[in-house]
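The sequence shown: position 415 = 415 (UniProt numbering), numbered continuously.
Check each hint, because a few of them may be wrong.
What the hints assert, rightly or not - Here are the simulated lysine-lysine pairs, BS3-like style, with alpha carbons at most 30 Å apart: (1) K42 x K99; (2) K99 x K224; (3) K42 x K165; (4) K42 x K166.
Claimed, not checked - If you anchor each label on the Cβ, the simulated ranges turn out as follows: (5) G250 x S124: 34 to 44 Å; (6) S217 x E146: 17 to 27 Å; (7) A335 x E142: 22 to 32 Å; (8) Q209 x E163: 31 to 41 Å; (9) N153 x S76: 13 to 23 Å; (10) T48 x T74: 45 to 55 Å; (11) T74 x A291: 38 to 48 Å.
Hints listed in this document are in silico derivations from the structure and should not be mistaken for laboratory results. Glycine included, C-beta positions come from ideal geometry on N, C-alpha and C.
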Amino acid sequence: MKFTIAQVAALVAGASSSAIDLNKRATPLDVSLAPNGNTMVKASITNTGSESYNLLYKGSLLDEAPVDKLLVNTASSAADFTGIMLRVSTENLAEDAFKPIMAGQTIEMDIDIAELYDLPESGSYSVSAMGSLPIAALNSTELTGEALTFSSNTLSMDVDAEEAKKVVKAVEKIAAKRTAIQSDCSGSQLRAVQTALSNCQSLASRAAQAATSGSASTFQTYFKTTSSSTRSTVAARLRAVASDCGSTTGGSTRTFCSDIYGGCSGNVLAYTLPAYNYIAYCPLFFNYLPALTGQCHAQDQATTVLHEETHAPGVYRPGTQDNGYGYSAATSLSASAALNNADSYALYANGGKTVGHIRYPVNADRNVTSLTILRTESYKPVTGRITGSGASDFFHHPPAPNVTEHCSENGRVESRPDSGRIVSSSAQVFESPNSSSPFLRRMKRLRVALSYRMTGAPGFFYKTYKKAYLVP
Numbered sequence: 001m002k003f004t005i006a007q008v009a010a011l012v013a014g015a016s017s018s019a020i021d022l023n024k025r026a027t028p029l030d031v032s033l034a035p036n037g038n039t040m041v042k043a044s045i046t047n048t049g050s051e052s053y054n055l056l057y058k059g060s061l062l063d064e065a066p067v068d069k070l071l072v073n074t075a076s077s078a079a080d081f082t083g084i085m086l087r088v089s090t091e092n093l094a095e096d097a098f099k100p101i102m103a104g105q106t107i108e109m110d111i112d113i114a115e116l117y118d119l120p121e122s123g124s125y126s127v128s129a130m131g132s133l134p135i136a137a138l139n140s141t142e143l144t145g146e147a148l149t150f151s152s153n154t155l156s157m158d159v160d161a162e163e164a165k166k167v168v169k170a171v172e173k174i175a176a177k178r179t180a181i182q183s184d185c186s187g188s189q190l191r192a193v194q195t196a197l198s199n200c201q202s203l204a205s206r207a208a209q210a211a212t213s214g215s216a217s218t219f220q221t222y223f224k225t226t227s228s229s230t231r232s233t234v235a236a237r238l239r240a241v242a243s244d245c246g247s248t249t250g251g252s253t254r255t256f257c258s259d260i261y262g263g264c265s266g267n268v269l270a271y272t273l274p275a276y277n278y279i280a281y282c283p284l285f286f287n288y289l290p291a292l293t294g295q296c297h298a299q300d301q302a303t304t305v306l307h308e309e310t311h312a313p314g315v316y317r318p319g320t321q322d323n324g325y326g327y328s329a330a331t332s333l334s335a336s337a338a339l340n341n342a343d344s345y346a347l348y349a350n351g352g353k354t355v356g357h358i359r360y361p362v363n364a365d366r367n368v369t370s371l372t373i374l375r376t377e378s379y380k381p382v383t384g385r386i387t388g389s390g391a392s393d394f395f396h397h398p399p400a401p402n403v404t405e406h407c408s409e410n411g412r413v414e415s416r417p418d419s420g421r422i423v424s425s426s427a428q429v430f431e432s433p434n435s436s437s438p439f440l441r442r443m444k445r446l447r448v449a450l451s452y453r454m455t456g457a458p459g460f461f462y463k464t465y466k467k468a469y470l471v472p
């Protein structure tokens, strides 16, 4: 991950993407593609059902932005995508983030594949579309928690590469309209991105470990398989993301805190330019998202960074696509589609991380027969060492039971036993005023703050408080 203050050069090249299949499911959306010239495709989306919907269309083939709308392949490889990959907020959605589709209605749009993909050689290209669209009720911006999947027919198009080269790339059209590109991160934005990168590294590392040896049922929820090859691929990508997030002076990607290519419209949080491994964070990222969320399947700055990192082929090739945004859309994908879906990785990292504190049972207050105080000052913290009768109750290894909180499949926070153990512990001892009780006046009244560092939760301390009385 590299921060830069240099101006961004115009895009001139592409990055690879991968073709994926989505298993057909019962869906009212019928998508058909038809050729309409050398590189033009006419896409038609028909609602064949009896119910009308509001489609969250950002980042899909319905979006006018230069996003990855189609699967374009030669006989041997996928065409390089030269546009931008978005992460869209799934909360507090604006009306313009949706496109209504009435029962029986057909929406048509023209897509020039030469604007979005590199077509360097003349010959036959296959073109298709697939994905999953979160929905709201008609005239509503509240997502229902459901998504509509779609999968089109496959076109075979004979492309004249020389004619295709004359088509200006969509991102270059946007760049030409911009008089100044400010790509530096500073002040509060710099601090926010640095924190997000650090949290991304931690989340990706733990998620990689979970993908390797963690819960099979949790992995199945997000990736629709528990095959060893898929778990290995997911773990490898997440380790690569952790590595890139851990480097703010080198790495494979460059981070920008301004809208370098005009992608920050509507509810867009951030976007990636895979061709150059550039990641840009939008005002919504800084003004709306928390650094880390404590809610299941919710968005935050850390998982947004993780989402965008998976798009970058420089981090792990091939970069992911946006096949479905949000929990409902992502978990409706097939195994092959989920494996290449950015939000599946972000949601998996969110769903498997500790979202609460490890809770330790507070034992009954103990009388400690001796206490070595290294520095004493009445009513202020002192550093001490607890010894004698009752000391083992304060420094029990491990406390039993340890409990962590995880996201369950229904989106609720649930508690599970934790296998971590204490690897270090320390105490602060606070002297308190003596009680008015004649018995307690004979003792020193203490308040002990214990800090534990746990395995499985690197970088985090968990604190609990207990009381003790020094018996004379």
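Checked hints:
For the suggested pair K42 and K99, the alpha carbons sit about 18 Å apart, so the restraint of at most 30 Å is met. Taking the CA atoms of K99 and K224, the gap is near 29 Å; set against the 30 Å cutoff, the hint holds. For a cut-off of 30 Å, the pair hint linking K42 to K165 stands: about 20 Å separates their Cα positions. Between K42 and K166 the alpha-carbon distance is near 20 Å, which keeps this suggested pair within the 30 Å criterion.
Our hint of 34 to 44 Å for G250 and S124 holds, since their Cβ atoms are close to 41 Å apart. The hinted range of 17 to 27 Å is satisfied by S217 and E146, whose Cβ atoms lie roughly 22 Å apart. At about 30 Å, the CB distance of A335 to E142 agrees with the hint of 22 to 32 Å. Between Q209 and E163 the beta carbon distance is about 50 Å. The supplied range of 31 to 41 Å is therefore violated.
Evaluation of the 13 to 23 Å hint for N153 and S76 yields a pass: the beta carbon distance comes to about 22 Å. In this structure the hint that T48 and T74 lie 45 to 55 Å apart at CB is violated, the actual value being about 32 Å. Separation of T74 from A291 is about 43 Å and conforms to the stated range, judged on CB atoms against 38 to 48 Å.
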